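Whole structure, please, built from the sequences with the hints as guidance.
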Amino acid sequence: MGMGRPSGAWSTPWLVVVLVHWLLCATERRRGAVVEASHVEFASLQSVPASVVDNRLRTGYHFQPPRNWINDPNGPMYFNGVYHLFYQYNPNGSVWGNIVWAHSVSTDLVNWIALDPAIRPSKPFDINGCWSGSATVLPGNRPVI
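Numbering-wise, the sequence shown is residues -27 to -1, 1 to 118 according to mature numbering (1 follows the signal peptide of the UniProt record, and there is no 0).
Keep in mind that the hints were calculated from the coordinates and are not lab data. Keep in mind it's a predicted model, so treat the numbers as computed, not measured. Hints are supplied without guarantee of correctness; some may be wrong.
Beta-carbon label-pair distances, calculated as ranges [as the list claims (entries may be wrong)]: (1) L111 <-> R29: 23 to 33 Å; (2) V68 <-> S105: 15 to 25 Å; (3) I100 <-> P39: 23 to 33 Å; (4) D45 <-> S95: 12 to 22 Å; (5) H35 <-> P97: 29 to 39 Å; (6) N114 <-> F36: 24 to 34 Å; (7) N114 <-> S67: 32 to 42 Å.
Ideal Cβ positions, reconstructed from N, Cα and C, are used throughout, including at glycine.
In structure tokens form, the structure reads like this:
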């Protein structure tokens, strides 16, 4: 069931939603309304000590490193009986910045062991950190990131 569009002809409620949305957008365009987006980089952003994070507020079963900032967990891979997870991580503090591509492993998806980062900034174009990639097992049983 769900909220998807019904198969076949448009149903009356969906047609009303589409028309109202179109009319609102057209009205805003006539008034000169514009949607703008921006991205500001804060080069002097200071990392916050990990002690600022209250351990009572940390999750119990979602993956997380023992401390500091994490985002964009990706590159999961199962290889030789071990689960591998790669993720963006700030080893220096509990805010975004100083990003490495971290690597943790588990045999049960509950208990994780943090390994050395898989990729660290090493070239001038890495000045803002190392970003997401992918991980897989190639033919011939060769893991790659």
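Evaluated hints:
For L111 paired with R29, a C-beta distance near 43 Å fails the hint of 23 to 33 Å. For the pair V68 and S105, the supplied restraint of 15 to 25 Å holds, since their beta-carbon distance comes to about 18 Å. For I100 paired with P39, a C-beta distance near 27 Å keeps the hint of 23 to 33 Å intact. Hint check: D45 to S95, Cβ distance near 20 Å, so the stated range 12 to 22 Å holds.
About 35 Å separates the C-beta atoms of H35 and P97, a value consistent with the hinted range of 29 to 39 Å. Checked against the hint of 24 to 34 Å, the pair N114 and F36 passes, with Cβ atoms roughly 25 Å apart. In this structure the hint that N114 and S67 lie 32 to 42 Å apart at CB holds, the actual value being about 38 Å.
The structure does not agree with numbered hint 1 stated previously, though it agrees with all others.
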